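Number of protein chains: 2
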Amino acid sequence: MENMSTNTVKVGDILVGGGFPVSVQTMWKTPLTPEKKSFLSEIKNLKGLGCDIIRFSVPDTDSAVYLGAIAKESPIPIVADIHFDYRIALECIKLGIQKIRINPGNIGALWKVEEVIKAASDNDVPLRVGVNGGSLPTALRDMEDRAAAMILAAEMEMEPLERLGFKNVVFSLKSSDIKATVEANTVFSEKYDYPLHLGVTEAGPMIPGVVKSTIVLQNLLKRGIGDTIRVSLSDTPASEVITGIEILKASGIKKDGVSIVSCPRCGRASFDTHSFTKKIESVLYRKKKSLSVAVMGCIVNGPGEARHADLGITGSGDTVVIFKKGKIIHKTTTDMAEKIFVEELEKL
Amino acid sequence: MENMSTNTVKVGDILVGGGFPVSVQTMWKTPLTPEKKSFLSEIKNLKGLGCDIIRFSVPDTDSAVYLGAIAKESPIPIVADIHFDYRIALECIKLGIQKIRINPGNIGALWKVEEVIKAASDNDVPLRVGVNGGSLPTALRDMEDRAAAMILAAEMEMEPLERLGFKNVVFSLKSSDIKATVEANTVFSEKYDYPLHLGVTEAGPMIPGVVKSTIVLQNLLKRGIGDTIRVSLSDTPASEVITGIEILKASGIKKDGVSIVSCPRCGRASFDTHSFTKKIESVLYRKKKSLSVAVMGCIVNGPGEARHADLGITGSGDTVVIFKKGKIIHKTTTDMAEKIFVEELEKL
Chain A
1 MENMSTNTVK VGDILVGGGF PVSVQTMWKT PLTPEKKSFL SEIKNLKGLG CDIIRFSVPD
61 TDSAVYLGAI AKESPIPIVA DIHFDYRIAL ECIKLGIQKI RINPGNIGAL WKVEEVIKAA
121 SDNDVPLRVG VNGGSLPTAL RDMEDRAAAM ILAAEMEMEP LERLGFKNVV FSLKSSDIKA
181 TVEANTVFSE KYDYPLHLGV TEAGPMIPGV VKSTIVLQNL LKRGIGDTIR VSLSDTPASE
241 VITGIEILKA SGIKKDGVSI VSCPRCGRAS FDTHSFTKKI ESVLYRKKKS LSVAVMGCIV
301 NGPGEARHAD LGITGSGDTV VIFKKGKIIH KTTTDMAEKI FVEELEKL
Chain B
1 MENMSTNTVK VGDILVGGGF PVSVQTMWKT PLTPEKKSFL SEIKNLKGLG CDIIRFSVPD
61 TDSAVYLGAI AKESPIPIVA DIHFDYRIAL ECIKLGIQKI RINPGNIGAL WKVEEVIKAA
121 SDNDVPLRVG VNGGSLPTAL RDMEDRAAAM ILAAEMEMEP LERLGFKNVV FSLKSSDIKA
181 TVEANTVFSE KYDYPLHLGV TEAGPMIPGV VKSTIVLQNL LKRGIGDTIR VSLSDTPASE
241 VITGIEILKA SGIKKDGVSI VSCPRCGRAS FDTHSFTKKI ESVLYRKKKS LSVAVMGCIV
301 NGPGEARHAD LGITGSGDTV VIFKKGKIIH KTTTDMAEKI FVEELEKL
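Chains A and B are the protein sequences, given in the same order.
Under our numbering, the residue at position 303 of the first sequence is numbered 303, and the numbers go up by one with no gaps.
Under our numbering, the residue at position 6 of the second sequence is numbered 6, and the numbers go up by one with no gaps.
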């Protein structure tokens, strides 16, 4: 699994491309407001889960100003997502926002796109240029080969960038179609040196979204294609980040972090694995060490089946058992279980 | 994508193997009780979502009796999951339960396993014999090649079946390790004609569970390996069924049913796609026709980006817009939206 060599793009302190670790992105889901503090606190929370970069939609100048203030203090780099109005992109660059995403297709006249490229170049701000299979230029909409249409759209967007000699760009070629997305990114990575931002558009609710994103992303990542990823879900940014990290782990790209095994519960189960895993999930994703943690439904099979786990928990009735490598180290009550489990986790 | 030829096993009215459609299973998560009615109503609900077969853990004779009564009236075939006590397996066979899953490794003495095989043979009841990477026979536990250890365990379980000439068997080789599960099932399918039940054990909470199951199952299914699947999640049976169906669809195995595209919501969004998709999800999965449905966050991009969708919805403020192939067919209010949307869906 070698990372295909691409240019490196610097987004704040995160390096994208050039064989640097694949970064995980998400996107904010509500409008920007002047309430900087609550934004920063949630961004910090997302960083804790493993989020490297976060994008905000910036539909107007007020939003740009709010985002500029957030970007100055954010613990991770911010991307401004601009549609329709190139002046908002210029404003965001001026405000020091770390990266700008534009869709040249809806910015309008070419000179407007060029203005954005020049401002980005003058201020050393990277751009992401995104092709979306659902909103291709009219001339390409009816092409039967969806992947080829996406490549052509990307090449149209590439033209002013290349002409102006601006290389500080990440490309994305997204679609809601699994095959077209895989094919378009594969061909693009063979032809060009721009780093790739991977994703599936309109992936759907949680379950179909995670399934489609997993198939597309792991197919590309395991072949060394893709430098930064964002899983789009009709769900929370936290779920998008966790899915991204799980895809990196399952694709063998990311080796650290906690691996959670938990049994699905059955009629034999007497320990409520659902609610316990839910409760400790954010603690687990915060842990950067490579560990395996088992949350098992029954005391009979649990410690044995999960004897490879660094830490495990199960129970029966009000008794909860905490074990390490299959050996029981605590017997306690449901009330005390979470506290003791987290303490043992911190010791590891 | 050709289905590797296997024997066919009849589970109630569902045919497993031999190139018949890959069936979707789930497992009940709470103990059996005499309250037959509520069980049957939930089983009917799961069948509506696309569940073909459902398994119950049967830890004692009372549970066997309760399950026997359910199996007589269930709209889909029932599998009894037996551990430790072969007499419960005999009881379930006598009660007419449609399939028995045993783990010979914990049934004990070989003659007990043989008793179960003979009873299954006499009553024409299929068995599933399951190898679990987490509970291999002691002699195989420390083998470095996990997949080879699983194959050896399966071959040990195969011995009495072959000796007694019992062919009415589905095999499973599950592990929480992605690579070992893929490898073990690949090798098994090349060597043997038994149909395969695919799954990943202790897959974890929703997100890591869906990610791991997607990678393992689609890898095997797209190569024609696997005849029935169960996604294990520390979540509801309904989520397990929906994940199974989405994996079949994304692997190109299942062509019918609704494909949901929905945008992830961003700062531009004014229609609450999360809660709307959640509300109509079960209606959508019940629809067996091949349709695409779009739930889009913004009225500006929504109908255009989702113009390929057979039916779509988006909105702004209290106005909700319903569109067909990109053309707006209704303008209504949030209160009325669900009703009108479902009516239009039923018309398709």
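Keep in mind that a hint or two might mislead.
Note: identical chains are not told apart, hence a pair may lie in one copy or across any two.
[Claimed, not checked] Once the Cα atoms are required to be at most 30 Å apart in a straight line, the calculated DSSO-like pairs of lysine-lysine come out as:
1) Lys324 x Lys36
2) Lys44 x Lys325
3) Lys179 x Lys278
4) Lys222 x Lys254
5) Lys112 x Lys255
6) Lys339 x Lys287
Hints are computed from structural coordinates only; laboratory data are not their basis.
Quick caveat: nothing in here was measured; it's all calculated off a predicted structure.
For each hint, the structure was consulted:
For the identical chains of this complex, Lys324 and Lys36 are neighbours neither inside a copy (43 Å) nor across copies (40 Å), given an alpha-carbon limit of 30 Å. Taking CA atoms no more than 30 Å apart as the test, Lys44 paired with Lys325 passes in neither setting, with 33 Å inside one copy and 41 Å between copies. For the identical chains of this complex, Lys179 and Lys278 are inter-copy neighbours only, at 26 Å across copies versus 33 Å inside a copy, given an alpha-carbon limit of 30 Å. Taking the closest pair of Cα atoms, Lys222 and Lys254 come within 30 Å of each other both inside a single copy (11 Å) and across two copies (25 Å).
Neither within a single protomer nor between protomers do Lys112 and Lys255 lie at most 30 Å apart by alpha-carbon distance, with minima of 43 Å and 44 Å respectively. Taking identical chains as interchangeable, the C-alpha atoms of Lys339 and Lys287 lie at most 30 Å apart only when both belong to the same chain, with a minimum of 16 Å there against 45 Å between chains.
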